[in-house]
Amino acid sequence: MNYDFHDVEGLALDAGTSATIACEFDGNKLSQPDGPHVLSGLTCSGSSAHPIGTAFIFDSFSSSTISNLNAESAATGYIIGNLAPLNGVSFNSLAGLIRLTTHIRLNSDASDEVGPLHLRILFQNCQQVYE
Amino acid sequence: MSTSRRGFHLKRSVQLCLLVFVLILFHTSAFAQGGSGVINPLNFPGANLCQQIKAAIATNASSNPQGLVIDARSATSPQACDVNPFGGATVPGQLLLGAIVLRTTVPIVTPSVNAWQILGTGRGNNVNETGTLIQAVSGFPAGGKVVRLGDGTNPTFGNRIENLAIDCNGIGTIGLYSTDIQEESGGSNLVITSCPGERFGLMAPEAMVPDRYLP
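If you read the protein sequences in the order shown, they are chains A and B.
According to our numbering, the first sequence is numbered sequentially starting from 1.
According to our numbering, the second sequence is numbered sequentially starting from 1001.
Honestly, the hints are just simulated from the structure, not real lab data.
Errors might be hidden in some of the hints.
[What the hints assert, rightly or not] Label pairs and their in silico Cβ distance ranges:
id, chain 1, residue 1, chain 2, residue 2, range
1, A, Leu117, B, Ser1188, 28 to 38 Å
2, B, Thr1153, A, Pro36, 22 to 32 Å
3, B, Val1113, A, Val38, 20 to 30 Å
4, B, Glu1129, A, Ala19, 28 to 38 Å
[Unchecked claim] One side only, chain B facing chain A, incomplete, derived with CB under 10 Å:
id, residue
5, Ala1075
6, Ser1077
7, Pro1078
8, Pro1107
9, Leu1119
10, Gly1122
11, Arg1123
12, Asn1125
13, Gly1139
14, Asn1159
15, Leu1176
16, Ser1178
17, Ser1185
18, Leu1190
19, Ser1194
Yeah, the Cβ is synthetic: ideal placement off N, Cα and C, and Gly gets one too.
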């Protein structure tokens, strides 16, 4: 499986709630992670009056490059491996610009003590800017 | 130069001209039979643009088995949509949309087997109605996906959407959705707004099982 998304804005605006997940990208959860996928230049967010639950979720990816993302107005900016592991994925420049409680979370469990086992994940140039 | 030699050259020249003529004929004939048909859907019957697009695809599919280009860029805004324009499409193709608001009461679903590209003219805006905007309106099913790439029946290749906006309008739950997209599929230059659920839900074909998606 291979797909690509470039230069996409997902803006929940007033429709977002605390349960809303702005952008979710999943692979094959039943057997093994799949890819390659290329995602770049994506902004996914709620709004200041209606912050959402999660801006981005990535599940079950392999051999993929994910770069130049922006998460805003969400309780969690990025959940890496909500239900299934990632294998060989490079994350470059994950920004959290506005109103994120948590910038990046590995696995959905709040304690990070349970969840899928990831292999070879690289993070570079990730930053959260508080406003 | 002798007369016989001059005659030989004349004969070769005539033969060469004939050969070029035959080649041009063959070339033209090949394109007429094998090229993609460029179709203006406004020339086809239908109460709205989506019905016209669907009619254009159905009418021209058999004569253009390699694929169609449906050029709807001359349609004026706004346009209503009450049928999936790709419903029953048996050929792949490309749908060109102009600067219009396409107000839909049904999900727009591209086929998995015969992939389509939906191409707009730019970032749509529901305030001043510039660019290309696909908007869910009253009557759209609650919890529906406004645009779905692939119909969930097969892996799909080359199914894309580019250069437009999708507005859930607080009605459609998911703006852009797929379980099927594979090589050459995806999207670019998109804005997706006002969706109460996830805007993207991308799963491998093997994973067509109830997931954690919001109702």
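Results for each hint:
1. A/Leu117 with B/Ser1188: 28 to 38 Å: With Cβ atoms ~33 Å apart, the hint holds.
2. B/Thr1153 with A/Pro36: 22 to 32 Å: holds, 24 Å
3. B/Val1113 with A/Val38: 20 to 30 Å: holds, 24 Å
4. B/Glu1129 with A/Ala19: 28 to 38 Å: holds, 31 Å
5. Ala1075: Not OK, violated: B/Ala1075 not within 10 Å of chain A, min 25 Å.
6. Ser1077: violated, 21 Å
7. Pro1078: Cβ of B/Pro1078 sits 20 Å from chain A, so the hint is violated.
8. Pro1107: violated, 17 Å
9. Leu1119: This hint is violated: B/Leu1119 lies away from chain A, its Cβ roughly 14 Å from the closest one there, beyond 10 Å.
10. Gly1122: violated, 12 Å
11. Arg1123: Cβ of B/Arg1123 sits 9 Å from chain A, so the hint holds.
12. Asn1125: Violated: closest Cβ of chain A sits about 12 Å from B/Asn1125, beyond 10 Å.
13. Gly1139: violated, 18 Å
14. Asn1159: holds, 9 Å
15. Leu1176: With a minimum Cβ separation of about 8 Å from chain A (threshold 10 Å), the hint on B/Leu1176 holds.
16. Ser1178: holds, 8 Å
17. Ser1185: Nearest chain A Cβ about 5 Å off; hint holds.
18. Leu1190: holds, 5 Å
19. Ser1194: Hint on B/Ser1194: holds, closest Cβ of chain A at ~4 Å, below 10 Å.
Taken one by one, the earlier hints fail for this structure at numbers 5, 6, 7, 8, 9, 10, 12 and 13, listed in ascending order.
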